[in-house]
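Same order as they appear, the protein sequences are chains A and B.
Take the first sequence: its letter number 101 is residue 101 in the numbering used here, and every next letter is one higher.
Take the second sequence: its letter number 2 is residue 1002 in the numbering used here, and every next letter is one higher.
Since the hints were made in silico from the structure, they are not lab data.
All values derive from a computational prediction rather than experimental measurement.
It cannot be assumed that every hint is accurate.
What the hints assert, rightly or not - Between beta-carbon pairs, the in silico distance windows are:
#	chain 1	residue 1	chain 2	residue 2	range
1	A	G53	B	S1082	39 to 47 Å
2	B	E1059	A	S80	43 to 51 Å
3	B	T1028	A	T15	36 to 44 Å
Unchecked claim - Straight line, CA to CA, 25 Å or less: simulated DSS-like cross-link-like pairs of lysine-lysine:
#	chain 1	residue 1	chain 2	residue 2
4	A	K9	B	K1038
5	B	K1038	B	K1051
6	B	K1036	B	K1051
7	B	K1036	A	K9
8	B	K1038	B	K1064
9	B	K1027	B	K1068
Where is the CB? At the ideal position from N, CA and C, for every residue including glycine.
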Amino acid sequence: NAGVTQTPKFQVLKTGQSMTLQCAQDMNHEYMSWYRQDPGMGLRLIHYSVGAGITDQGEVPNGYNVSRSTTEDFPLRLLSAAPSQTSVYFCASSYSRGTQYFGPGTRLLVL
Amino acid sequence: SQELEQSPQSLIVQEGKNLTINCTSSKTLYGLYWYKQKYGEGLIFLMMLQKGGEEKSHEKITAKLDEKKQQSSLHITASQPSHAGIYLCGADLATSGSRLTFGEGTQLTVNP
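With the rest of the complex left out, here is chain A (with noise of 0.2 Å):
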């Protein structure tokens, strides 16, 4: 099993310029969620999903889009970007209510 994949590993983007970020996984895990790490704020719970077609808010969602329209995978959308969402981008996911496992990680910067 090749676990949580992300993609692209790091990418530099324009204010204003819009981005998807894959995630995908193939262990059949119904969770899948998106974290942000900044330093000093720890990991921020963007998005989550409990299962193919259902998503939620987390903490931090306001900038970010999401879909879940397979079990496998749960890409994050900046529509707009900005400054502000420079950061490390994590995808992670779990069966059920258990151990999440997380991704390789996306360096996004935004100029």
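Starting from the known structure of chain A, fit chain B onto it as the hints suggest.
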């Protein structure tokens, strides 16, 4: 997160020394997860604790969850340079369903 406090924020120890990292919650912990992160990489799962008083060990790392299920400690015995990294505790709080709330992390440096 104010719901989960980790201490210390950073720790520098000499190789071979023991150390402890603490994680304290303002709410009852449904589950407590310890992760390790090397700079620029993802989070590696270490251990999960669910029951009050539970203790788990893996190699030289031991984690405990206190009886009241509001505090956990991670103890490393005879630290090695390979233990260096950021240690994060993640809590499954009773009110938050499947989401994890994370502490800010502890940056551990082990000097040879």
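Self-check item: Agreement of B:K1027 and B:K1068 with the hint, judged by alpha carbon distance not exceeding 25 Å
Solution: holds (10 Å)
Hinted pair B:K1036 and B:K1051, Cα distance within 25 Å: holds (21 Å)
Margin query: Just to be sure I understand the hint, the distance between the Cβ atoms of B:E1059 and A:S80 should be within 43 to 51 Å; is that true here?
Written below: holds (47 Å)
Item to complete: Verify the proposed pairing of B:K1038 with B:K1064, using a straight-line Cα cut of 25 Å.
Response: holds (22 Å)
- Item | Verdict for B:T1028, A:T15 (Cβ pair) under range 36 to 44 Å | Once the Cβ atoms are compared, 43 Å apart, the range 36 to 44 Å for A:T15 and B:T1028 holds.
Next on the checklist: Taking 39 to 47 Å as the stated bounds, is the beta-carbon spacing between A:G53 and B:S1082 within them?
Outcome noted: Given about 43 Å between the Cβ atoms, the range holds.
ask   = Under the criterion that the straight-line Cα-Cα distance not exceed 25 Å, is the pair A:K9, B:K1038 satisfied?
value = holds (16 Å)
Checklist entry - Under the criterion that the straight-line Cα-Cα distance not exceed 25 Å, is the pair B:K1038, B:K1051 satisfied? => result violated (28 Å)
Under the criterion that the straight-line Cα-Cα distance not exceed 25 Å, is the pair B:K1036, A:K9 satisfied? holds (19 Å)
In summary, the one numbered hint that this structure violates is 5.
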